[in-house]
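**Q** Chains as they are written, first to last, in the working numbering: chain A, 1 to 196; chain B, 1 to 581.
Everything labelled a hint here was simulated from the structure, so no lab data went into it. Warning: the hint list may mix true and false statements.
To be verified - Beta-carbon label-pair distances, calculated as ranges: (1) A/17 <-> B/212: 27 to 35 angstroms; (2) B/185 <-> A/163: 55 to 63 angstroms; (3) B/169 <-> A/132: 18 to 26 angstroms; (4) B/421 <-> A/132: 54 to 62 angstroms; (5) B/3 <-> A/128: 36 to 44 angstroms; (6) B/386 <-> A/152: 50 to 58 angstroms; (7) A/139 <-> B/365: 37 to 45 angstroms; (8) A/137 <-> B/406: 19 to 27 angstroms; (9) B/330 <-> A/6: 39 to 47 angstroms; (10) B/325 <-> A/185: 39 to 47 angstroms.
Backbone N, C-alpha and C define an ideal beta-carbon position, used for all residues, glycine too.
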Amino acid sequence: MPVQVKGVIELRKALKNYAPDLAKELTAEITKSLKVIQKDARGFVPASAPGGLYNWDRVSKGQPKAFNTSGRVRPFPRYDATAIKRGIVYRTGYGKPNSKGFRSLFRVKNMSAAGAIYETAGRLSGVQRTPAGERFIQQGPLYGSKKSGQDMRGRVLYRAWEQDQGKQLNAIFTAIEKADKAFKSRVASGSIKGAA
Amino acid sequence: MSNIVIDIAAQFTGKNAFKQAETSTDKLTKGIKNMAKTLGVAFSVQQVLAFGKASVQAAAADEKAQKQLALALKNVGLGRDAAASEAFIQKLQSEFGVVDDKLRPAYQQLAVATGDTAQSQKLLQIALDISASTGRDLASVTSAISKAYLGNNTALGKLGVGISKADLKAKSFDEVMNQLSTTFAGAATQSANTFQGSMDKLSVASANVQEIIGKGIIDSLKILADDTTVDDLATGMEEFATAISESIQGLAILIDGIKSIPKIPGGGSGAIFDIDKLFKFTGISMLRKIFDAANKGSANDPAAGLAHLAELEASFTAATLKSSKKLTAEELKQLKAKQLKAAIDKANLALGKGSNVFDIEKIQLAAAEKSAAEQLGKVTSQAQLLQITNDLARLEVKQSILALEEAIASKDVAAITNATNKLNADLGILGALTGQKIKLTEIESILKGILPKDLINLQNLNDAIALLKIIGGGGGSMATHANPILSDPNKSPTGFPTVTQPTIYSAGGRIDSAGNYNPYNPAMVGMTSGGVSPSSSNSGAVNVVVNAGTVANPEELTLLIQNAIISLNKRGDLLNTAGSL
C-alpha cells in the first residue's frame with residue numbers, strides 16, 4: 001500500500017512555477033532514490049531462464065509462436081533478460097487518478113510481459129497453483145508481503161523493495177520536506193515575487 | 001499489459017464521480033454559454049440568423065413529429081386522443097428527462113401495435129422503466145414489447161429482463177407485462193432523481209427552449225407574411241435573403257455610378273442626393289461619409305474628390321487600427337492582471353495546503369510505529385520486547401506532544417485539556433516501562449558478576465608479577481611456608497614441614513624403597529592380588545591398593561574359546577586327531 005500524502009502535488013506545482021531550481025533539485029533527489037530500487041531490481045533478473053524452465057529462453061526469434069496456445073492473441077513472451085531489465089523503470093510524474101481518486105506520485109514498474117511472469121508466477125496457494133507455478137516456486141521464493149487484498153510479493157521489483165526496508169522512502173520524504181522548507185523560507189524572505 | 005507497479009506515494013485528488021458531475025455541469029454551462037453567445041452577446045447578425053435558422057429547424061422538426069404522431073393515431077382510429085397523447089408525452093419528457101424525439105416514435109409504435117391509448121401509455125411507462133433499469137435504449141425495448149404484443153416473444157426474451165422461455169410460452173402477454181411491471185417498478189423515477197437524471201431534464205429543457213423560440217419565430221413570420229405553412233415561410237425567407245443580397249450588390253453599383261455623375265451647377269449645397277434623408281439608420285453612416293466625399297469633388301476636378309475619398313478612407317483605416325490597438329492593449333493589460341492575480345491565488349492556495357496538510361513528521365511517526373509493530377512479531381527475548389514497547393511508548397509521547405502543540409495553536413481549551421491528559425497518561429506508561437528497564441539493568445549487572453572473569457587481564461597480570469617478585473625475594477604479602485632458596489643456590493632449604501616417608505607393606509613385610517624393595521619380586525610391584533595391607537599401627541603410612549583382575553571375565557573367555565574351536569572346525573583345522581572322540 002503506498003504511503004498516502006497530502007499537498008505534494010500542490011508543492012511541486014508551486015515549485016515549478018515559482019522556484020524551478022528547487023523543483024529540479026527535488027526531482028533529482030527523488031530520481032536518485034528511485035534509481036536505487038531500479039538498480040537493485042535489475043540485479044535480481046537472472047541472465048537466463050530459471051532452471052527447470054530451460055526451453056523458455058531457447059525459442060529462436062524466427063519461431064515466436066512456439067509457445068502460443070490456441071485462443072491466445074499474441075505469442076507467449078520469450079524470456080529475455082535484457083528486455084526484462086529494460087522494462088524495469090521508474091516514473092516521477094503524477095498520473096491520472098485511479099477509480100478511488102488517488103494519483104500516484106512516484107512509482108517503479110516492471111513493464112515487460114516476461115518480467116511480469118517471472119515476478120509473480122506462483123502467487124496462488126497450493127491447491128490453486130498451476131504446475132508451472134509450482135515449478136517457479138521450486139526455483140525460489142516470493143519476497144514481500146500480502147496484506148488486505150493487495151499482493152505485493154515478487155521476485156524482482158517487490159524483492160528490491162522488500163530488501164530496501166523503506167530507506168529510499170524515507171530519503172524521498174526527506175527531500176520533499178527539505179524542498180518545502182527551502183520554498184517557504186524563500187517566500188518568507190521575499191525572494192519569490194508574486195507568491196507572497 | 002502487465003501491471004507490476006509499486007506506488008511509493010499517492011495523493012487523494014477526488015473521485016471519478018465528482019469528475020463526472022463536473023463534466024456534466026461543464027457541458028451544460030458550455031451549452032448555455034453557446035446559446036447565450038448565439039443569442040446575441042456579440043450582436044452578430046449572422047449568428048442571430050444562424051440561431052434563428054436552427055431554432056426554426058428544431059421547431060419545424062418538432063411540428064413534423066407531432067403531425068406524424070397525430071396522423072399515425074388517426075390512421076389506427078385514435079385521432080381524437082392525439083392531444084391527450086401529446087400531453088402524456090410532454091409529461092413524461094419533463095418527468096423523466098427523456099426527449100420527446102425519442103418518446104414520440106416509441107409511443108407511435110406501441111399505439112400502432114395495440115390500437116389502444118391506455119394500453120400504449122401503460123406499455124410506454126413499463127418500457128421506460130425497463131430502459132432505465134437495463135440501460136437499453138427506449139426504441140429497442142419498445143420494439144420488443146410491441147412485437148411481444150403481436151405474439152413474437154423472441155425479442156422480449158433477448159432483452160434479458162429475467163423472463164424464461166418457458167414463462168414466455170406459458171404466460172399471457174398481460175401476465176408477462178405485469179411481471180415486468182413488478183420487476184422494474186420505479187426504475188425510471190429513480191433514474192430521473194439521480195444527478196444524471198437532473199442533467200437530462202435540464203438538457204431537455206434547453207432543447208425545448210430552442211424549439212419554443214423557433215416556433216415563436218415561425219409564428220411571427222407567418223403573421224407577417226400571411227403564410228400558413230413553414231414551407232412557404234422558408235421560401236419567403238430565402239427570397240428575402242436573395243433580395244437583400246441583390247440590394248447590397250445594387251448599392252455598390254449605385255455608388256460606382258454616383259462617382260461618375262458630375263455635380264449639378266448652382267444646386268444649393270451642391271449635393272446630388274441627400275443621403276441623410278435616404279438612409280436614416282445610423283449603421284449606414286459610413287456610406288454617408290463616402291457620399292460626402294464623392295460630393296466634395298468638383299465637376300471640373302473629379303480627381304480631387306477621389307483623392308479626398310482616398311484620404312478619408314485612409315484616415316478611417318488609421319482610426320480603426322488605432323482603436324483596435326488601444327482595445328487590444330487594454331485587453332492585454334486586463335489579461336495580465338488576471339493572470340497575475342490567478343498566479344498569486346494559486347501560490348497562496350498551494351502554500352496554505354502545503355502548510356496545513358503536508359505533515360511529513362506525522363507520516364514518519366506513523367511509519368515508525370508500523371515498523372515497531374512489525375518488529376514486535378519478531379522478538380526473541382523479553383529484553384527486545386521491552387525495548388520495542390519502550391520505543392512505541394516514546395512514539396506515542398511524541399504524537400501526544402504534537403497533538404498538544406496543535407491544540408495550543410488552535411486555542412481550544414477542551415482540546416488542550418484532552419491533549420494534556422493524553423500526554424500525561426503516555427508519560428506515565430513510559431515511566432513504568434523505564435522502571436522495568438532499570439530492574440533489568442540490575443539483573444544484568446548481577447549476571448555480569450556471575451560470569452567467569454577473564455584469565456588474562458591487567459589485574460591478573462599484576463597479581464602474577466607480584467607473586468613472581470615474592471618468589472624471587474622481592475617481598476610481598478604472601479604467607480611464607482619455607483625459607484627462600486633462590487637467592488642462594490648453595491644453601492639448603494630450611495623451614496619445610498617434616499613429611500613421613502611413605503611405606504608399603506606386602507605379605508607381612510615392607511616392600512617400599514626404605515625396606516627391602518626388589519623390583520623382580522611380583523609382590524613388590526603389586527602384581528599379586530592380596531598383597532597389600534594397611535598397617536593400623538603406623539598412622540603416617542600411605543596405603544596403595546592394586547587390583548589386577550583377569551583380562552576378560554570367565555564367561556566371555558569361554559565363549560571366545562568356543563567360537564574359535566567352531567571356526568577352526570569349519571575351516572577343517574580340527575583340533576582332534578583322526579579317530580579320537
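**Q** Compare the structure with each hint and give your call.
**A** These are the hints, each one checked on the structure:
Restraint check, residue 17 of chain A to residue 212 of chain B: a C-beta distance of roughly 48 angstroms breaks the suggested window 27 to 35 angstroms. Remark: the range hint 55 to 63 angstroms for residue 185 of chain B to residue 163 of chain A is upheld by a beta-carbon distance near 59 angstroms. Checked against the hint of 18 to 26 angstroms, the C-beta distance between residue 169 of chain B and residue 132 of chain A comes to roughly 49 angstroms, which is inconsistent with it. Take residue 421 of chain B and residue 132 of chain A: their Cβ atoms lie about 59 angstroms apart, and the range 54 to 62 angstroms holds.
Evaluation of the 36 to 44 angstroms hint for residue 3 of chain B and residue 128 of chain A yields a failure: the beta carbon distance comes to about 20 angstroms. Between residue 386 of chain B and residue 152 of chain A the beta carbon distance is about 31 angstroms. The supplied range of 50 to 58 angstroms is therefore violated. Range check, residue 139 of chain A to residue 365 of chain B: Cβ separation about 40 angstroms, and the 37 to 45 angstroms hint holds. Distance hint check: the CB atoms of residue 137 of chain A and residue 406 of chain B are about 49 angstroms apart, inconsistent with the given range 19 to 27 angstroms.
Range check, residue 330 of chain B to residue 6 of chain A: Cβ separation about 41 angstroms, and the 39 to 47 angstroms hint holds. Taking 39 to 47 angstroms as the suggested C-beta distance range, the pair residue 325 of chain B and residue 185 of chain A conforms, at roughly 44 angstroms.
Going through the hint list in order, the structure does not satisfy hints 1, 3, 5, 6 and 8.
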